[in-house]
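Asks: With the hints as constraints, model all of the structure from the sequences given.
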Amino acid sequence: MIKNNPGNKMKEIALVGNPNTGKTTIFNALTGLRHSTANYPGVTVEKKIGQTQLPGGEEISVLDLPGAYSLLPRSLDEEVVHDVLLGIRRDTPPPDLVLVILDANNLERNLYLATQVLETGIPVILVLNMWDMAKKSGTTVDLGKLSEITGVPCVATVGMEREGIVKLQQTIALLLADPVAGPTKFSLEPFLPDRLKTELDKIVVLIEDRLKDRPKAVFGEALRLLSDRIFRSPIFESMKIGDLLRTEVLSVRASLKENGIDSTSVEPECRYRAIDHLCGQVVQRVSHKVLTFSDRLDRILTHRVWGILFFIGIMGVIFQSIFSWAQVPMDLLSRAIEKLGDLAQGWLPAGALQSLVVDGIIAGVGNVIVFLPQIFLLFFFIALFEDTGYMARAVFVLDKLMKKVGLNGKAFLPLLSSFACTVPGILSTRTIEDRNDRLATILVAPLMSCSARLPIYTLLIAAFIPNLHVFHILHLQGLTLLGLYLLSIGAGLGVAALFRKTFLKGNRMPFVFELPPYRIPHLKTVFGTMWDRAKEFITRAGSIIFLLSIVLWFLVSYPKDPGVQARFAAERQQVSATLNGEALKEHLGAIDHEQKDLQLRSSFAGSLGKAIEPAIRPLGFNWEIGIGIIASFAARELLISTLAIVHHVETHGEGMTAGLIQALQRQRSPITGELSYTPLVALSLMVFYVLACQCFSTFAIVKRETGSWGWMFFMIFYMTGLAWSASFVVYQGGRLLGFE
Amino acid sequence: MKTVALDQLKTGERGVIQGYQSEEDLHYRLKELGLVTGTQILVKRFAPLGDPMEIVLRGYSLSIRKQDAAKILVRLQSAD
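So the sequence lines, in the order shown, correspond to chains A and B.
Heads up: the first sequence is residues 1 to 740, going by the working numbering.
Heads up: the second sequence is residues 1 to 80, going by the working numbering.
It should be emphasised that the hints constitute simulated quantities derived from the structure, not laboratory data.
Just so you know, these numbers come straight off a predicted model, no measurement behind them.
Okay, derived cross-link-like pairs now, BS3-like style, lysine-lysine, Cα gap no bigger than 27 Å in a straight line:
| hint | chain 1 | residue 1 | chain 2 | residue 2 |
| --- | --- | --- | --- | --- |
| 1 | A | Lys-505 | B | Lys-66 |
| 2 | A | Lys-167 | A | Lys-48 |
| 3 | B | Lys-66 | A | Lys-403 |
| 4 | B | Lys-66 | B | Lys-44 |
| 5 | A | Lys-257 | A | Lys-197 |
| 6 | A | Lys-216 | A | Lys-185 |
| 7 | A | Lys-403 | B | Lys-71 |
| 8 | A | Lys-185 | A | Lys-145 |
| 9 | A | Lys-404 | B | Lys-10 |
| 10 | A | Lys-524 | A | Lys-135 |
| 11 | A | Lys-535 | A | Lys-339 |
| 12 | B | Lys-66 | A | Lys-501 |
| 13 | B | Lys-10 | A | Lys-403 |
| 14 | B | Lys-71 | A | Lys-257 |
| 15 | A | Lys-167 | A | Lys-145 |
| 16 | A | Lys-400 | B | Lys-66 |
| 17 | A | Lys-610 | A | Lys-596 |
| 18 | A | Lys-505 | B | Lys-71 |
| 19 | B | Lys-44 | A | Lys-135 |
| 20 | B | Lys-44 | A | Lys-404 |
| 21 | A | Lys-400 | B | Lys-71 |
| 22 | B | Lys-44 | A | Lys-403 |
| 23 | A | Lys-136 | B | Lys-44 |
Replies: Structure follows, in structure tokens:
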């Protein structure tokens, strides 16, 4: 035996458990803040790894597996849990020891997964978490007895208070040193019909070979394959045994049916019988017939009137904070970035490098950083709601509404987040277990009007929508903005309903979810979760936006015509020689503007803008807008600075908006002499920006989260089609009706 | 006592699961969550808009849509 050999690989333990068992608090208590998150290769399931030091001084690695209810996988998360525990995943070696985290309050359902894990034969420690809450509610668990029956050590913990963690670490050290000390005694077999056991052997012989690492797990695996009604398990696709296995499973099912055994419910029924038997010996419940704190809170928060009002109030606070409070730090940040750009401009010699650093890198990174206050606030609220238990209530209250468009209550939060930024919105669809529900939510999330669109609405509304009052109190400008948001919501929900009725029909899972008791939020957990997610946003979206900003900078700045460059240099010299003081400054500024304009027009981006002009002409857009649309792919708000450049407006500082509004209102087409930007064009442009998918970060995140280029291209295609058609209807329809 | 579909129970009523009305792959998850024959269920409340419903079983609360609850047969017991 090789034991504690210093040259040996670091021992690995894994945390498994149902959702809502406080698994993360145990993980945090064990690892502190020393953990890293990544994804399992090929799937969008979070892989969280940390380290902990055992009492003997040994460092071991701790893997936090995603929450799961069963080893018969029904979601990507559960598939990962199943595959890691059985040693099927090549990228993750099977753990040396598994901690099954159970909610001591809710032992019966938690034991379903726990007993499945016990049967795999991996060394296990049962961790009964939230021990304090169980005590408070009158539940006592006889740990000694539980340990005796299951044959594995049992430890009581309160993850948030770090209670029981040292004991847990000691137990881990003991078991790792001597795995034989904890042989699993639990067996489902006494609770299974005899007929089933003999029939199962036919399946066992077929799969034995594949589970060499976990020979004890074969029986449970065979039982689950028997229950796998629609042959979901990848083993059925195996070249070698897939077909044979299918035939065998079908014949076993038929023969069991003749004997009155329903193979589609035999595992849960027998397992719960075993669990009931077990709990009868170890759990004692003194039920107080008084209303709990949660009950009383629920009477208000899920009340027909107060519940809905409270929810609307909370959403109001979130929107207020994202769109109003966050503005202050956002403005500060954007000013700081501008300052930094100015400083860099001073340090670096004029030329390509300066332009790359200032207009490419600093501006690009700035585009991401500016959104951080919003993202942090959003993630803070989400983490807070999850930690207190309110999230489940919000889903409970909203599910019926979301069901009307074919989504479920859990889609609400991702769609709401998408009003700040689509990327975190799509990331938070991971809580939706059902594939079709999740795909539909991802595909419509980019239709929610994200905050990058807001500056465009604000500018165009200020420039072209008359500041009129309707019915004395309503503001026409405000109404237009409201209309754009309603268009975005309407389009999103309509498209979701359409998709769910056509190619994303049906569900794989019933929509059920737990309503955990309310809890006082644990701020460390809340901020930790917020930080983890914000970090993911920064690395995911940040790196893409950064790269694209550089690509875009290149498209806008090149090719450079040396002849033109020389001409402007000569002009500058001439002006400098003949003028001085204010007049010189003014003239040089004018030359700068002209050069920027000419540069943009002759750049790659300019050519692209001209190239797409025939396609956008029917929407009322000129090629200057075309360039803006191209630039928007890095970040939508770049439409504004692009328009500022092509219309010779000061692109920095406070005067930009007012100057740009004036310039837009006056701009006439050089060919026809008509106004280039009419209210109708503005309206058409705003509708286009509501519906078009112009964000590379969104493309990238959709590709990653759906795991397919196909869905990404589908999304781009349908959104572009929708945007074009809607703008066409607005512009051409408006002209037919005689509007300008 | 009479047997009815779970979604027909009113707030505060209890029932014991008798089985499922149809065999669907979807239901397997419900069984894994503890909704198996013989399990006692209390209907805690309905969502503000009438659907889904909150049920208590095996010491925990679960939200389930009426359309799924309609597939589960329960023997009605006396109300609280």
